[in-house]
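Novice: Top to bottom, those sequences are chains A and B.
To convert, count from 1 in the first sequence and add 203; that's this note's numbering.
To convert, count from 1 in the second sequence and add 203; that's this note's numbering.
Treat the hints with care, as some may be off.
Copies of the same chain are indistinguishable here, so a pair counts whether it falls within one copy or spans any two.
[Said to hold, decoys possible] List of simulated lysine-lysine pairs, DSBU-like, C-alpha gap at most 35 Å: (1) K530 to K559; (2) K520 to K559; (3) K520 to K530; (4) K520 to K254; (5) K254 to K530.
By construction, these hints were calculated from the structure, which means they are not laboratory data.
2 protein chains.
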Amino acid sequence: MTKAPEIDGERLLARLDAFAGIGATAGGGVNRQTLTRGDREARALLTALAKARGFSVFQDDMANLFIRMEGRDSGLPPLLIGSHLDSQPSGGRFDGALGTLTAFEVLESLADAGFQPERSVEVVAWTNEEGCRYAPGCMGSRAFVDGAIPAEWADLLAGDDGARFDDERLATIEALAPEVGHRPLGFPVSAYLELHIEQGPSLESEQIPIGIVTGVQGTRWLEVRFEGQTAHAGTTALQYRRDPLKALTTALSGLYATVMPDDADARFTVGRLAVTPGSVNAIPATASCTVDLRHPEVEILDQLETAIRDMFEDAAKAAATELSIRKTLEMSPVRFSEAAVEALHTAASTIGFETKAMISGAFHDALFLSQHAPSVMIFVPCRDGLSHNEAEFVEPEDCIAGAQMFMAAVTELLTKPGIA
Amino acid sequence: MTKAPEIDGERLLARLDAFAGIGATAGGGVNRQTLTRGDREARALLTALAKARGFSVFQDDMANLFIRMEGRDSGLPPLLIGSHLDSQPSGGRFDGALGTLTAFEVLESLADAGFQPERSVEVVAWTNEEGCRYAPGCMGSRAFVDGAIPAEWADLLAGDDGARFDDERLATIEALAPEVGHRPLGFPVSAYLELHIEQGPSLESEQIPIGIVTGVQGTRWLEVRFEGQTAHAGTTALQYRRDPLKALTTALSGLYATVMPDDADARFTVGRLAVTPGSVNAIPATASCTVDLRHPEVEILDQLETAIRDMFEDAAKAAATELSIRKTLEMSPVRFSEAAVEALHTAASTIGFETKAMISGAFHDALFLSQHAPSVMIFVPCRDGLSHNEAEFVEPEDCIAGAQMFMAAVTELLTKPGIA
Chain A
204 MTKAPEIDGE RLLARLDAFA GIGATAGGGV NRQTLTRGDR EARALLTALA KARGFSVFQD
264 DMANLFIRME GRDSGLPPLL IGSHLDSQPS GGRFDGALGT LTAFEVLESL ADAGFQPERS
324 VEVVAWTNEE GCRYAPGCMG SRAFVDGAIP AEWADLLAGD DGARFDDERL ATIEALAPEV
384 GHRPLGFPVS AYLELHIEQG PSLESEQIPI GIVTGVQGTR WLEVRFEGQT AHAGTTALQY
444 RRDPLKALTT ALSGLYATVM PDDADARFTV GRLAVTPGSV NAIPATASCT VDLRHPEVEI
504 LDQLETAIRD MFEDAAKAAA TELSIRKTLE MSPVRFSEAA VEALHTAAST IGFETKAMIS
564 GAFHDALFLS QHAPSVMIFV PCRDGLSHNE AEFVEPEDCI AGAQMFMAAV TELLTKPGIA
Chain B
204 MTKAPEIDGE RLLARLDAFA GIGATAGGGV NRQTLTRGDR EARALLTALA KARGFSVFQD
264 DMANLFIRME GRDSGLPPLL IGSHLDSQPS GGRFDGALGT LTAFEVLESL ADAGFQPERS
324 VEVVAWTNEE GCRYAPGCMG SRAFVDGAIP AEWADLLAGD DGARFDDERL ATIEALAPEV
384 GHRPLGFPVS AYLELHIEQG PSLESEQIPI GIVTGVQGTR WLEVRFEGQT AHAGTTALQY
444 RRDPLKALTT ALSGLYATVM PDDADARFTV GRLAVTPGSV NAIPATASCT VDLRHPEVEI
504 LDQLETAIRD MFEDAAKAAA TELSIRKTLE MSPVRFSEAA VEALHTAAST IGFETKAMIS
564 GAFHDALFLS QHAPSVMIFV PCRDGLSHNE AEFVEPEDCI AGAQMFMAAV TELLTKPGIA
């Protein structure tokens, strides 16, 4: 080691600009959905940058892309760092790209400093984190951790253009295959570190540059449907009404007034609501909605789900309507490795950064990687908490601070007992 | 007068069957929307039946159809009795047709009995009561009462087939013109009597065969829209949420719990509700709904509207959302002529029928005619309160009882001081 590795902020910002030009939208965002031409161009650019620095590049069968800086002991499982390069259809420039390019910046800075760690360090760009062309999201990290690609993914069709998943996966791999090596899914890694924009407002509003993510909350999705009886708005007195919308709004009002106010860690969201037949002068026949419920503790998720079901049941009975509830998603909460979280706190204090320990409200590839190796995440603030939006923005100084924190965290994770 | 006029129940039921065959649907209802081929066939059949009995037939410029039994003093304004022949697209056999054919049955029965009243009696079939191809409803009676057709109706286009209102109106008049005379809009009448199915459940559930309608409640329609801010369901803590659906459901829950429970004459209905962007894991950006508010008293309508607006305002403020409310309809309540209502009570006691005095929850042509002459309505029960539905049904004995009541009412209205 000739000098302490230090990230190059200008280089990182220039790389962000270069990648934002791939799939750029008129509104200043990016449309670089997974496995499309834009995604392939981004993979090709990252591969070219890696090759230019003498790093070796690999792909696995999910088209997850790996860039390897060889350690002194090449037989040790590498430290894996990265994020994703795909975007939402009207996505921002930072979601995924910032984490991938920060990891690559750290790799370059280590090389600039002539620093060769004992174990290898690998940057990863996971395939299809967003899940908007092919559901579910985080396909790349899921399959990596499982060591296999679920057979039912092969025939998934992209919503807008009907392209078959397996055809696009293989074509994407094929496009880079001459230049890059092959990797098995699920190879051993020492730990996984990912930087991401918060996609929420708390770091910005509290003016804290770095979030140390201690876990990902659990998520449950419910589809709730009340069935009553449609009737004439003008002629039907109260005692003859079986109004499903009355039942639904009464229950929701009660839930809005209790779930989140009573527990600051709970998240209760109704994003869809529909009534039929939808006539201004007809009592609805049906009213249905979705529920997105999240909490870091599985026991509390259980309690909340029970309380929510009870509230809907009571409202259904009171309005003489029929209720059905279907659970469409259940993801357990994850606590990241204590050793990895501790390494990040040590790293932050080493470089004198203020941090906030926080739970991630959104899914990330790290959620799946945590089943495979000690994993942890760093959050940086984004303006107004806005993401999945062309207006998504991260201040340049926050990008740079994030990369400095990332470098300190990599250094720590490479030597931390229990991880290294 | 050779014998007391008495309606012929079998003839009425046969006529109902004959008209139900025009525009009949597979589900047992009718699709005889205004000015379509089915509507014209129904007009032609009624005209043919009238001609066969020696009644004279007229149309006005709105294609309202009149069948006249000449009184002894042909200079006196006639007593007008009737309803409409058009239907909803998936309508029932009784809505409108029962009232028109009951009025025609009474005309025939008067003729059968050799009864010639002093003043003429005319059956009317109003054009476009339903308002489903061309809005608003009750076009025929509105224009009749105003004495003119609003210029802006000419270019109205039917939703499904794009036919222009004025073209269809003129073609419909033209089709019958060779056989029938012309009438001015808004000619004087002594009174107006209409029989209709209740379109609500109260007569059936209270087992009362006849409703004497004392008025039509007032109606106001509001469009309510809350605008908040969409954000990620998982990452956005309560203090950062500006959730328009929370505001809307909180207000609605309060309104469902107060408006109708506190006032048995009030009707509060939300028939449409929509949220955008409508994603299961996104807090909505907007939430909007309609309100259909009805009450027989205009002062109470004013109070209720104020209370409703206040409830929405409070909820908007509590959720830090923007509120806009637009009034899209305002129809004042109508009290039918006391003399005409009294005549119906007298008629009912003469023939020993149990009746219930009631307010109409729905609009009817009588609402508009009441601005032109003493008007009143008779309701008969319909099964489960169901209307605007192919399953709409009235028991044969209730059809016959309604016609008997109608005959007694006509007799009374022909001699009632203050009307006759």
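Novice: Reference check for the pair K520 and K530, CA-CA at most 35 Å: within, between, both, or neither?
Specialist: For K520 and K530, both the intra-copy (21 Å) and inter-copy (33 Å) Cα distances are at most 35 Å.
Novice: Treating 35 Å as the Cα threshold, decide for K520 and K254: within, between, both or neither.
Specialist: neither (66 Å within a copy, 57 Å between copies)
Novice: Go through the copies and call it for K254 and K530: within, between, both or neither, with a Cα cutoff of 35 Å.
Specialist: neither (47 Å within a copy, 66 Å between copies)
Novice: When no copy is specified for K520 and K559, does a C-alpha distance of 35 Å or less occur within a copy, between copies, both, or neither?
Specialist: between (45 Å within a copy, 31 Å between copies)
Novice: If the cut is 35 Å between Cα atoms, do K530 and K559 qualify within a copy, between copies, both or neither?
Specialist: within (33 Å within a copy, 49 Å between copies)
In terms of the numbered hints stated before, the structure departs from hints 4, 5, listed from lowest to highest.
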